[in-house]
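**Student:** Hints given; two lone chains; assemble the complex.
Protein sequence lines, in the order shown, are assigned to chains A and B. So the first sequence is numbered by the numbering used here: it starts at 1 and just counts up by one. So the second sequence is numbered by the numbering used here: it starts at 247 and just counts up by one.
None of these hints come from the bench; they were simulated from the model. We treat Cβ as the ideally placed atom computed from N, Cα and C, and that holds for glycine. Treat the hints loosely; a few may be bogus.
[To be verified] When the alpha-carbon atoms are kept at most 30 Å apart in a straight line, the in silico DSBU-like pairs for lysine-lysine are as follows: (1) LYS200/A x LYS288/B; (2) LYS198/A x LYS452/B; (3) LYS198/A x LYS292/B; (4) LYS493/B x LYS546/B; (5) LYS546/B x LYS5/A; (6) LYS454/B x LYS200/A.
[Said to hold, decoys possible] Beyond 10 Å from chain A on every Cβ pair, some chain B residues (computed): (7) SER287; (8) THR447; (9) LYS452; (10) ASN547.
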Amino acid sequence: MPEFKRPHALCDVPLHYCPGCTHGIIHRLVAEVIDEMGIEGDTIGVCPVGCSVMAYDYFNCDMLEASHGRSPAVATGVKRANPDKFVFTYQGDGDLAAIGTAETVHAATRGENITVIFVNNTTYGMTGGQMAPTTLPGQITQTTPYGRNTSVEGFPVKMCEMLSQLDGVALAERVTVIDPKSVMTAKKAIRKGFEFQKNKQGFSIIEVLSTCPTNWGKTPIEALQRLKDEMIPYYPLGVYKEGAVR
Amino acid sequence: MSELTLMKGNEALAEAAIRAGCKCFFGYPITPQTEISAYLSKRMPKVGGVFLQAESEVAAINMVYGCAGSGIRCMTSSSSPGISLKTEGISYIAGADLPCVIINVQRGGPGLGGIQPSQADYWQVTRALGHGDFHVLVFAPSTVQEMADTVTKAFDLADKYRMPAVILADGLLGQMMEPVAFDENAEIKLSDASNKPWAATGHGNKRKHNIINSLYLQAAELEEKVRARFERYEQVKANETMAECYKTEDADIVVAAYGSTARLAKSAVELARKEGIKAGVFRPITLWPYPVKEINEACKNAKKALTVEMSMGQMVDDVKLALNCRIPVEFFGRTGGVIPGPAEILNKIKEMIGGDK
Chain A
1 MPEFKRPHAL
11 CDVPLHYCPG
21 CTHGIIHRLV
31 AEVIDEMGIE
41 GDTIGVCPVG
51 CSVMAYDYFN
61 CDMLEASHGR
71 SPAVATGVKR
81 ANPDKFVFTY
91 QGDGDLAAIG
101 TAETVHAATR
111 GENITVIFVN
121 NTTYGMTGGQ
131 MAPTTLPGQI
141 TQTTPYGRNT
151 SVEGFPVKMC
161 EMLSQLDGVA
171 LAERVTVIDP
181 KSVMTAKKAI
191 RKGFEFQKNK
201 QGFSIIEVLS
211 TCPTNWGKTP
221 IEALQRLKDE
231 MIPYYPLGVY
241 KEGAVR
Chain B
247 MSELTLMKGN
257 EALAEAAIRA
267 GCKCFFGYPI
277 TPQTEISAYL
287 SKRMPKVGGV
297 FLQAESEVAA
307 INMVYGCAGS
317 GIRCMTSSSS
327 PGISLKTEGI
337 SYIAGADLPC
347 VIINVQRGGP
357 GLGGIQPSQA
367 DYWQVTRALG
377 HGDFHVLVFA
387 PSTVQEMADT
397 VTKAFDLADK
407 YRMPAVILAD
417 GLLGQMMEPV
427 AFDENAEIKL
437 SDASNKPWAA
447 TGHGNKRKHN
457 IINSLYLQAA
467 ELEEKVRARF
477 ERYEQVKANE
487 TMAECYKTED
497 ADIVVAAYGS
507 TARLAKSAVE
517 LARKEGIKAG
527 VFRPITLWPY
537 PVKEINEACK
547 NAKKALTVEM
557 SMGQMVDDVK
567 LALNCRIPVE
577 FFGRTGGVIP
587 GPAEILNKIK
597 EMIGGDK
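This is chain B alone, in the form it adopts within the complex (with noise of 0.2 Å):
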């Protein structure tokens, strides 16, 4: 039986690892993430896992390169400029082929920035992560129960693909709350490393060592681990997509967005069409692989596309890419920490439809 319980979307995340059998947490105060830290310390001596605060994002991110490496389940968490320092890290368990997830509850930036919800890490987690060649997967749940729901399958597809896994939070989802599910009679089983044959437990004079490692001097070498690499993110991006559409069957226009920023869309699109405008919404929620197909899908009868983010439009790159500029793509975005109105949205989008309507 599950039975609801009004929750704020970073205590969600925190339950929802644990849940997903995350035995380590390893992490650095600050705001607006600082709910999962303090959930997990409460809760992880309870159920015998490992809560432990890191001297630095740095260190910790290494923590969880060193549990990762041991085949156990963990996971770290930050906000936008804490996730800066911890690609060094990131680049490395990427390198070295292993599971993790990494929860960014994104602020205002560059530098210090702010502390108000934004999208403005987009370009960062899907494009650069850290120095070299790969990817991570990215998933941008726009409710607090989504946000549950998102852990288990980020852990999972992490756990398959050998890759470390981001959730693409902002403030705004982070310091909600919201009415969440989690099943009550479910049996907590924090992981072990039993299906992770190439993790570095300790031999127990049973195999030969194994090594967990980025460094490959043969540049012959490494292109090989890298293409290799790129190959199973060709799988990745075959099966692992993930989006969500509302009212685009018959739409003119449809806009994009993600995260909380989905929402608002979706209520723009409520007021065009008491307006009689046939909007609808793309909401993707893997950003890498990003959802290429649906969104053609979505668009398929539309005129015009329109990305809203809380950022200076960055997510736009991938909507003009995914539909090869098919259809002009415009953007409507605030920033610093500022959230769109519905009201705003809408008026772009009469904007957009002008004439045409």
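Chain A with its partners taken away, still in its complex shape (with noise of 0.2 Å):
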């Protein structure tokens, strides 16, 4: 019988995240497509500022930690010096879909041949629940005290759907990760994105949706079911463009 263990691509360190945060699953779905694929001594990742700022600390590939938003401009530098390494970053809504959307839409529109983490729990989570560029209508955050009002605050932002119509994007795909099947879904699409890298075909971008109960005021449990019953009406799951580019 297979024994439940810790990828070795993941640092036996204790993670910093709070409970019932789904960034664990995440580093470990990541980690473990690593040790998978054989890759660890071939991989550097680029973590952002946010929740997973010191990401750097937990997998245990060559890591750098970026400016804020910036990942995919540090992972185009560290690709284009090193085409033959692997090379992903993991980023949260804040960093990945507002202050660094130029960053992203280019390293995509570029066809950079990386793989992109985007953990997205429709809040910045550090700093303590701000509204989000993936904030819901009528979500309420400590800047949306009120809930989020469109005619004033705008709209969410559904990356996977906008870089779906990029000419760059070889895989952009929508999972979640608040189940055993959807975990499973989930770590195919980040295999999947490795091996489109490996083979040279494009940008790909997993976006994991994911929970915050500290910051949504839930319990663990409760979050999930707002992730279920909120969240993937507005961000449906599924893949939004998949086929090589090159």
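**Tutor:** Right under this line is the structure:
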């Protein structure tokens, strides 16, 4: 019988994430894929500013910590210098879809041969739960205390839908990790992203709908339920684009 | 054998970068430095290097962060407003102890300013090229040949001290054509990461993972990192200052000027000498670290010093600090893209020398 162990690509250190946060599951899936492909020694990761800012202490591969939103540009620098290495970014919604929108869109449209793990929990977790670019209409946050009013704060950004319009994108897929089945689907999507990179097929982004029980003011179980009931209808799961660009 | 070629300053910088082993260039178009990008977009693919036009100045400097973090010699170039945009990335590069070369072909400011030559970014580059406690190496060449020669020096010292190096030029130097010599037979060898064991290159299952980072949440740990960096800066200050003196030995008045302005100062000093005024030129080549010892030596017999700049007076602060206000230090400058002429510099020299001639 196979033994359930910590993947080698995940360091043997305690993670700092809050109880019920799904970052831990997503970290593990990335690490499992790196292990299964046997590429830890050839992988370079770039982590963001946000809750996963310290992911450089959690992944066992070489890591760079980027400034806020610039991970796709940093990853571009790494990849252009090392075209045969695997390069991934791990970013939250504020990082990827607000302050780093330009870097995201242009890395995507260049078909930069990197894999982006995009963790969307509809809030700025680390700074205490402000409105994110992906905050849902009506959602209460620290900076939308009366709920996000679309006539004032505008609408959420749907990154997979948007990026799927670009010719440089090889894979845009939205997944979640709320139950064993969705976890398996998410892992397959992450694997696909790394395989696309291996075959030099272009930019891949895997958006993972994630929870933030702390800033949502919910228990871990309630948070999973909210993700299912409110986030998935607004951000439908599935493959938005798949296919080699080169 | 080296043959003389007529080149623009910007092109000389670009060719010199390749010869210094710069493998990757990331840039964004801005006047008056565009020839650097244009030249490298042609040349890089032919030597197996990378030229990439970024979507923004911010992206370009962060590409440099990634590339330098993986141990590869890389460069970006811009002009004043673009450098302001890059300062976030430069601070992270300094905080992560990464070597790289950044070129600033200065133009008039503030704001969009103008596109004519200027030296108004002196304070920015020597004082605050980003947030936090750090310095960058700053080189100020004054001829096209020196621009070319400085690039290798900048890469070497950036690597040695693991810090960013800036070549501070201006629109005049970038655009002017002068004969420049490159070694025809030199082998072009683009850099790899082999001598950088700290780099994020993929650990190959042979070592612990490397982390390129500027975040230290424990105050005492961050203080220790910054202090260690400043100890390295002391080494830089002790060993890496460069300056040139012209007729300062017997000078009553020493004109301090850098870059293209130093050439104008030299012409003014020639005119002054013809009129029997003992004037000389002190030209700092490194602006950080500032050649403190050298300027004191140059001014040992001087009664007064004059700083000439294409700004409202920025380096004049460093001249006063270096001389510890031992002699009066005055300033003459033009700004906004106006280039001071030797005649007006001479007038200022005469005004200063006044009755004591």
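**Student:** It remains to establish, for every hint, whether it holds in the given structure.
**Tutor:** Here's how the hints hold up against the structure:
{"no.": "1", "hint": "LYS200/A x LYS288/B", "in the structure": "holds (24 Å)"}
{"no.": "2", "hint": "LYS198/A x LYS452/B", "in the structure": "holds (22 Å)"}
{"no.": "3", "hint": "LYS198/A x LYS292/B", "in the structure": "holds (26 Å)"}
{"no.": "4", "hint": "LYS493/B x LYS546/B", "in the structure": "holds (12 Å)"}
{"no.": "5", "hint": "LYS546/B x LYS5/A", "in the structure": "violated (73 Å)"}
{"no.": "6", "hint": "LYS454/B x LYS200/A", "in the structure": "holds (27 Å)"}
{"no.": "7", "hint": "SER287", "in the structure": "holds (14 Å)"}
{"no.": "8", "hint": "THR447", "in the structure": "violated (7 Å)"}
{"no.": "9", "hint": "LYS452", "in the structure": "violated (7 Å)"}
{"no.": "10", "hint": "ASN547", "in the structure": "holds (50 Å)"}
When held up to the earlier numbered hints, the structure conflicts with 5, 8 and 9 and fits the remainder.
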